[in-house]
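Asks: Chains as they are written, first to last, in my numbering: chain D, 1 to 442; chain Z, 443 to 603.
The hints are simulated quantities; they were obtained by calculation from the structure and are not laboratory data. Please note that the accuracy of each hint is not assured.
Unchecked claim - Here are the simulated DSS-like pairs of lysine-lysine, each with C-alpha atoms no more than 25 Å apart in a straight line:
id, chain 1, residue 1, chain 2, residue 2
1, Z, K503, Z, K528
2, D, K193, Z, K528
3, Z, K591, Z, K488
4, Z, K488, D, K193
5, D, K238, D, K395
6, Z, K503, Z, K591
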Amino acid sequence: MTNQTTTSPWKTLVALPENIWRSIFRNPLPSSDLGRASTSFTNFFLHLHPVKVHRNSLKVSFTLGLGLISFFLFFILVVTGILLMFYYVPSTTQAYDRMLDLRGTVAFGIFLRNMHRWAAHGMVAAVFLHMCRVFLTGSYKPPREFNWVLGVLLLLVTLFMSFTGYLLPWDQLAFWAITVGTSIASYAPLVGKEVKFILLGDSTVGQEALLRFYVLHVAVLPAVLSLLVAIHFWRIRKDGGLSRPTEEDAFPADGPAQVEIVSGPAVIMATSPAAAAAAQPVLQKRQYGIQGLVRGPFTKVGNVPDRSVFAWPNLFMAELLGFLITVAGVLLVSLYFNAPLEEPVNIMHPPNPAKAPWYFLGLQEQVSYSAFWGGVGIPTIEVLLLLLVPYIDRKIAGVGRWFARERLLANSLFLTFVIVNVILIIIGTFFRGPNWEFVSPW
Amino acid sequence: MKTPVKPAIEESGDAMTRRRVLSWLSGFGLFGSLIITALSNLIFIKPRATYGQPNRFSIGKPEDFPSGARVSLDTRRVCIVREGDKIAAISTTCTHLGCIVSVSETGFSCPCHGSRYDQDGNVTGGPAPRALPWFQISLAPNGDIEVDKDTEIEAGNYLRV
């Protein structure tokens, strides 16, 4: 105890470490439910989590952890990206040499570049698979429509991030992939040529394009992505947590549960005695008060079986484990596989075939049939359909379950879209040789 | 008891009071200027000067290109074709997606997506949507051939030297 009237300097000194510690971490490790709750909402980093979380949200077989993995990969990308910025120069004469320096002289340079490259590929894959998970579990249904829209935007920004990063090594792969990619953009009606010119800062890929892509890659797009991620997370909370099956679907043995939903405005402050009295019966039944203050239709009251657990430690430990596994995975891949680096840019000799990164090879395959339809028309229609999905499919059935029978049609259509794109990517990757002619990989 | 003062502004109805008109106008002006300020960024990021290759350049004397030559100047992205005393400049930027086409036996072929063109740049196969453009070519006063990539001319228009 340091707050005695006669505090000796010695006692102050002895208590110093504990006082500093306690001034930073206001709560001891929780041993009671109250402690677990306050740990969640008094810590800046933890307070975006709910105090309690539904068991279903913690089931790995439901979420596959893909959203979290995407976020952790983004975190790894930010850290390794900032480190790489210390040695990189966005100049056509220096960029490639800096790549060689990363290999040869910079401590851990090759390793950091590997991590950045593989985490980027992983993020594209994880974000896409996350979208598949959300669709196939029907999780875009009301009230989560807008979060789905944000998710589609996040997928697009992730792809654009990846695209802009592709140019920076200034090797043959980079140069020709961006030449092809920006030419695809120029097929867009009316604004296509302007977009290409503004993107490249010139009529062909050169110094201006390298600088522009660098600024987009390290400043503009990460800021946009971070903002969207923040809103995406915020909306999860405000939309009532992750989707989950209804009580009857998940626990049929319990019989039809009495689900009582408060859809009116939650009573935040009862200003009159009458209003307080009216709110009383609702408040009495609740075991934990803080969620009762949350406005919206998902506040759970009444005699519903409690399927939720405290976020501390259940959710936090799950997240920590996810983070460790993600980092370990990226480290492992980076140890065994080096990020590719081709010859320095040679404007006179495009590699034959000139291929985009794998996740754009489906697009490139489409483009080889028709530049406008494959590169602009069909992708635009696909993105528009994805954005509009939650506003077209309004039926609230089969939410929170994988491959729900009620959603057979929607899931079949979506899986067709996924499989067609995967097949296009496989053809583009393995079955296309010089002059984009069909070759057999065997 | 004081008699209630008649309100200076008629808030009721659709009557356009002076205050309402003024607030609409000032709001319009303020938000308008905000939007225009934001849009000016679009003008800012479109470069007025480019630092790359000029689009008008000289390629040397006509004698440098013997009859029958098909010389691809890859850095300029143009192929100089000479037949007898006729000379022309054909673009070597693929009209499909901007790769550089290479000179082949039958004309031009693109390494990226397999577009093929004949000797005059007409599409003979692959996904290319248009023929390779021909560029304006002229003789400068000092006898150099000058190519102007900003001006496309009809295919088959040779310059006689």
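Asks: Hey, K503 of chain Z versus K528 of chain Z, does the alpha-carbon distance stay inside 25 Å?
Replies: holds, 13 Å
Asks: Run the distance test for K503 of chain Z versus K591 of chain Z: straight-line Cα separation, threshold 25 Å.
Replies: Distance ~18 Å between K503 of chain Z and K591 of chain Z Cα, so the pair holds.
Asks: When you check the alpha-carbon spacing of K238 of chain D and K395 of chain D, does it fall within 25 Å?
Replies: holds, 21 Å
Asks: So if I understand the rule, the pair passes when the alpha-carbon distance is 25 Å or less; does K591 of chain Z with K488 of chain Z pass?
Replies: holds, 21 Å
Asks: Straight-line Cα separation of K488 of chain Z and K193 of chain D no greater than 25 Å?
Replies: Between K488 of chain Z and K193 of chain D the Cα gap is close to 12 Å, so the pair holds against 25 Å.
Asks: For K193 of chain D and K528 of chain Z, compute the direct alpha-carbon distance and say whether it is at most 25 Å.
Replies: Cα-Cα ~33 Å, so violated.
Hint compliance for this structure: hint 2 is the single one not met.
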